[in-house]
Structure formats: structure tokens, C-alpha cells
Amino acid sequence: MSKVILENYSKKINKKEVLKNINYTFDSGKIYGLFGRNGSGKTMLLRAIAGLIYPTSGVVKIDGKILHKDMSFPPKLGIIIENTHLLPQYDSFTNLKILSKINNIATDDDIKQSIKQVGLDPDSRLKVKKFSLGMKQRLSIAQAIFEKPDLLLLDEPTNAIDEKGVEEIRTLLLNQKKLGATIIIASHNKEDLSVLADITLKMDEGKLFYEQA
Amino acid sequence: MKIDTKFFLIFIMSAVFSWQLLNIWESHDYLALYKGLPLYLDYIKIPVYYFWFACISFYFVGVIEDYLSGYGVLLIVRNYSLPKLVLRLFSKVFIELNAIVSFQFVIYIFISVITKKSILEFSMIEFIKSYIIYILTIYLLILIQLLLEMYVKAQVAMLITNVYAVSSILIGSMLFEIEKGYIFLYLLIPNFAMAARTTIFNQNSFSIYLPSVIVLISIIISGIIFVSIEKIKIKDIF
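Protein chains in written order, with this note's numbering: chain H, 1 to 213; chain C, 1 to 238.
Hints in this document: simulated from the structure, not taken from any laboratory. Wrong hints could be hidden among the right ones.
What the hints assert, rightly or not - Below, in silico cross-link-like pairs of lysine to any residue (SDA-like), each with a Cα-Cα straight-line distance of 20 Å or less:
1. H:LYS136 <-> H:ASN189
2. H:LYS76 <-> C:PRO83
3. H:LYS101 <-> C:ASN79
4. C:LYS153 <-> H:ASN83
5. H:LYS69 <-> C:VAL101
6. H:LYS101 <-> C:ARG88
7. H:LYS116 <-> H:VAL166
8. H:LYS129 <-> C:PHE105
9. C:LYS235 <-> H:MET71
10. C:LYS231 <-> H:SER72
11. H:LYS65 <-> H:GLU7
12. H:LYS16 <-> H:LYS207
13. C:LYS129 <-> C:LYS233
14. H:LYS76 <-> C:LYS129
15. H:LYS136 <-> H:GLU82
16. H:LYS101 <-> C:GLY72
17. C:LYS233 <-> H:HIS68
18. H:LYS76 <-> C:ASN79
19. H:LYS148 <-> C:TYR80
20. C:LYS92 <-> C:ILE135
21. H:LYS69 <-> C:PHE226
22. C:LYS233 <-> H:LYS207
23. C:LYS231 <-> H:MET71
What the hints assert, rightly or not - Derived coverage of chain C by chain H (criterion: at least 3 residues anywhere in the stretch with Cβ under 8 Å from a Cβ of chain H; other residues may be distant):
24. 64 to 78
25. 89 to 98
Cβ coordinates follow ideal geometry from the N, Cα and C atoms, glycine included.
Let's have the full structure, built from the sequences with the hints guiding it.
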């Protein structure tokens, strides 16, 4: 379970303020939906919470601990963010197995279960480079959830996934919520957000606005 | 590029450079790889020796960039502590560097045997001294390259490091020629990996003093590790 608090968080990149004085608390066991135009700061906010960018001012606290001071990244973090990808020369299972060796908290069964949950075959030896866009996205979701994270940051998680797949992913995310994870989803898909999100937030020009519960 | 492809390239390039190195130096020394070319050789022949380093520099290009983008992001967020990650990465580089340098040495000896070059008498002490100074110098240069990758693109970092390596050796050659300003050799670190030129082990000449070189390199390596850790803590990862 992760409670995420942003206090006076601002970030400037090349003199442009991409996140402006953000104050917000994300509670555990809830799904937060982030929407906004391209370049409004949604992905940047996910990066800030993930510890991938360093604040110009302000802090991010995860369960009371300050990011970049008490730890480099939130513990038990699952993430899908743009520009990340899995290793094309390996199959699904091997890809997750390699990642699992870093912390040794997921078993082979956990890996297989996650791959199955996203609608892929865990025993398939098909290499990721032969995957369709939708299959790659499904595997990214499996990558984010297989270690049973406390904090899930998902940037456009249902991109390129077919209708049936979207339903499966939604069910999966609702299950993660039941397990107590804090889930933050950035999406252009309003249907996704209306079905999944307990709280919807809007980003506009680097500012965060409370939209609706 | 996959690691095994890089290793294959190192194998081919090492074999070619071994053959060239053996051809330009008549009185063959089995430690030529670790001691560099002697002072009496024309400096124009030095590039052959430089290519050994170019191979190593090429092998490590993009190591930091790979961690800070794409798949690397999935690895990095699972490591919780960036300082520990940097220390682990630099240790891994040191181990791999030892493997590559030993591999290059084996190829060099192998080529010298098949080309029937006589091998001078073996001295374990000189071998160890040459190896230590060589590996420390090359490690320092690779760390400079990795540190630069945190500020500029990997290719630019490699270029800057290689320009520094080549220009250091050329300026060093100039100092030997005019027999002045040997103190500046301490700033031209790549020369340390050329014990045969700097007479680093010969205490009676103009002499670059071996213990002070080891202390200097160790201090700079520690400094680079410290700066790398501080830099990566505040580096934005996109």
C-alpha cells in the first residue's frame, strides 16, 4: 500500500515549467484517472511520482519517505511509460524472468499468471519482436503487475488493445485495486477513466485540477 | 548492438592489431600490450597501439545511455537506490574490462607464437606492475567516458574520451622530444598505460613515479565515482 503526497511540486525543463506547484494526495486502494491534452503534463506527473525526474522545487513523499532523499524510486512500483520497451530477442516469460531477478520477489508462477491475465500464452516461445503492437502493450501491463506492486503508474495502458482485451485489462486493474494498490492512469480514453477511476483529475499546462469523484 | 557481436569485433580487431604491433616492433616484448611502444619508435606508429584502447572504448559505448532510456528504465526503477546501481555498474565494468584486457593479451601472445616471434624472458613482477598500471589507466578512461554519457550523447562521450587519449599521447611524445615539462604528464593520463615510453618503472630517469601515479589514478577514479553518483541522483530520465 502506498500513499503518495506531492507538496509544492514544480519542474522546469529548458526554462519551461512543465509541472506547476502541484499539491495532491493519492490514497492507497484507489484508482486515479488523469486526463488532459497532449503536452499538458500527464506523463511528466507520472515520471515525477516514479522518481524519474528531479523536482525544481517541492517534494514527492511515498508513505512518508521523501523521494530522491530517502530513496531513489518508490518501492514496489509497477510502471508503463512512453519510450520503455521489453527485450525484442526474448519471449514473454524470459523477459519478465530477467526483470524478476533484480528483486527476487516474484516466482515463476507469478510471472506465468500475470502473462495469462493479460491474455497472452505464458508457454509461447514467440519472441517479442514478432509481437503485434497490442500484444506488446499487454506484455507491458504484465511487466507492471507481475511483482504485485503497491503503486501502479500507467500511461495509456489500453493503447492498441482490442475491445475484448480492454475488458480483460480493466478487470485486472480493478483486481489490483482490491489488493490495495494505488493506481494512477493517464489516458485519453474517457471510457477507460469513467469505468475505472474513483477520482478523475485534469492536467492543463502543468497544473493539476480536481475534476470529479 | 548485442554484447556477443561487440565481443566478436574485439576479437577480430585484437588479432589484426596484434599482427600489426608485432610487425612494427622488431625486438618483441611480450608485455608490449601493457607497456606501450618504446620511446625510440616513431610516434606516427602510436595509432596502432591506440586502436587497442579504441576497441575497449567502443565496447563500453552507450552503457549509461542504455540504463537511462527504453528497457533500462524498467531495470532502473526496480533498483530502488541509484547510488548502489552506479557502484554495481562500475564494478561490472571493471570485471568486464579485466576480461577484455586479458583476452586481448592472450590473442597477442597467440599471434606472436604463430608468427614465430621470440618472446623475451618472463618476469612476474614486471607483468603484475604493468598490468595494474594499464588496467587502472584504461578503467579511468572508461569511467570518464561513462561520466560524460550522463551529460552528452554516448557517441559524443566516446569521441571526447578518444580525442583526450590520442592528444595526451601526442603531447606526451612532444614532451619527450623536447625533454621538458615532464610534470605535465600527470595531466596526460593515457601516457601512464605506456610504461615503456614514460619509463614509469625506472626510478633513475626523468621518471614518472609509480606509487604517485597509482595514488593519482585512484583519487581521480574515486572522484569520478562520487560525481557520477551525485549526477545520476538529479538526472532526469526520459
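Here is how each hint holds up against the structure:
Between H:LYS136 and H:ASN189 the CA atoms are separated by roughly 19 Å; this keeps the pair inside 20 Å, and the hint holds. With a C-alpha separation of about 18 Å, the suggested pair H:LYS76 and C:PRO83 falls inside the 20 Å cut-off, and the hint holds. About 11 Å separates the Cα atoms of H:LYS101 and C:ASN79, which keeps this hinted pair within 20 Å; it holds. About 17 Å separates the Cα atoms of C:LYS153 and H:ASN83, which keeps this hinted pair within 20 Å; it holds.
In summary, the hint linking H:LYS69 to C:VAL101 is not supported, as the alpha carbons are separated by about 38 Å, beyond the 20 Å threshold. The hinted pair formed by H:LYS101 and C:ARG88 meets the criterion: a straight-line CA distance of about 15 Å does not exceed 20 Å. Of the pairs offered as hints, the one joining H:LYS116 and H:VAL166 holds, with about 14 Å between alpha carbons and a cut-off of 20 Å not exceeded. Pair hint H:LYS129 plus C:PHE105 does not hold up; C-alpha atoms about 38 Å apart against a cutoff of 20 Å.
Distance hint between C:LYS235 and H:MET71 is fulfilled; the C-alpha atoms sit about 14 Å from each other, no more than 20 Å. At roughly 13 Å between alpha-carbon atoms, C:LYS231 and H:SER72 fall within 20 Å of each other, so this suggested pair holds. The straight-line distance between the Cα atoms of H:LYS65 and H:GLU7 is roughly 12 Å, inside the 20 Å bound, and the hint therefore holds. In summary, the hint linking H:LYS16 to H:LYS207 is supported, as the alpha carbons are separated by about 13 Å, within the 20 Å threshold.
Proposed proximity of C:LYS129 and C:LYS233 is contradicted: the alpha carbons are some 36 Å apart, above 20 Å. Of the supplied pair hints, the one linking H:LYS76 and C:LYS129 is violated, its CA atoms being roughly 47 Å apart against a limit of 20 Å. Of the supplied pair hints, the one linking H:LYS136 and H:GLU82 holds, its CA atoms being roughly 13 Å apart against a limit of 20 Å. Annotation: proposed proximity of H:LYS101 to C:GLY72 holds, straight-line Cα distance about 14 Å (limit 20 Å).
With a C-alpha separation of about 7 Å, the suggested pairing of C:LYS233 with H:HIS68 holds against the 20 Å cut-off. Taking the CA atoms of H:LYS76 and C:ASN79, the gap is about 10 Å. The hint holds against a cut of 20 Å. Note on H:LYS148 and C:TYR80: the hinted pairing holds, with a Cα-Cα distance of about 16 Å set against a maximum of 20 Å. Under the criterion of a C-alpha separation no larger than 20 Å, the hint pairing C:LYS92 with C:ILE135 is consistent with the structure, at around 14 Å.
A distance of roughly 16 Å separates the Cα atoms of H:LYS69 and C:PHE226; the hinted pair therefore holds under the 20 Å criterion. For the proposed pair C:LYS233 and H:LYS207, the alpha carbon gap of about 25 Å is over 20 Å, so the pair is violated. For a cut-off of 20 Å, the pair hint linking C:LYS231 to H:MET71 stands: about 15 Å separates their Cα positions. For a cut-off of 8 Å, the count of residues in the segment 64 to 78 of chain C with a CB near a CB of chain H stands at 9, and the three-residue condition holds.
Restraint check on the segment 89 to 98 of chain C versus chain H: 0 residues with Cβ-Cβ distances below 8 Å, three needed, restraint violated.
This entry does not satisfy hints 5, 8, 13, 14, 22 and 25, going by the numbered hints stated previously.
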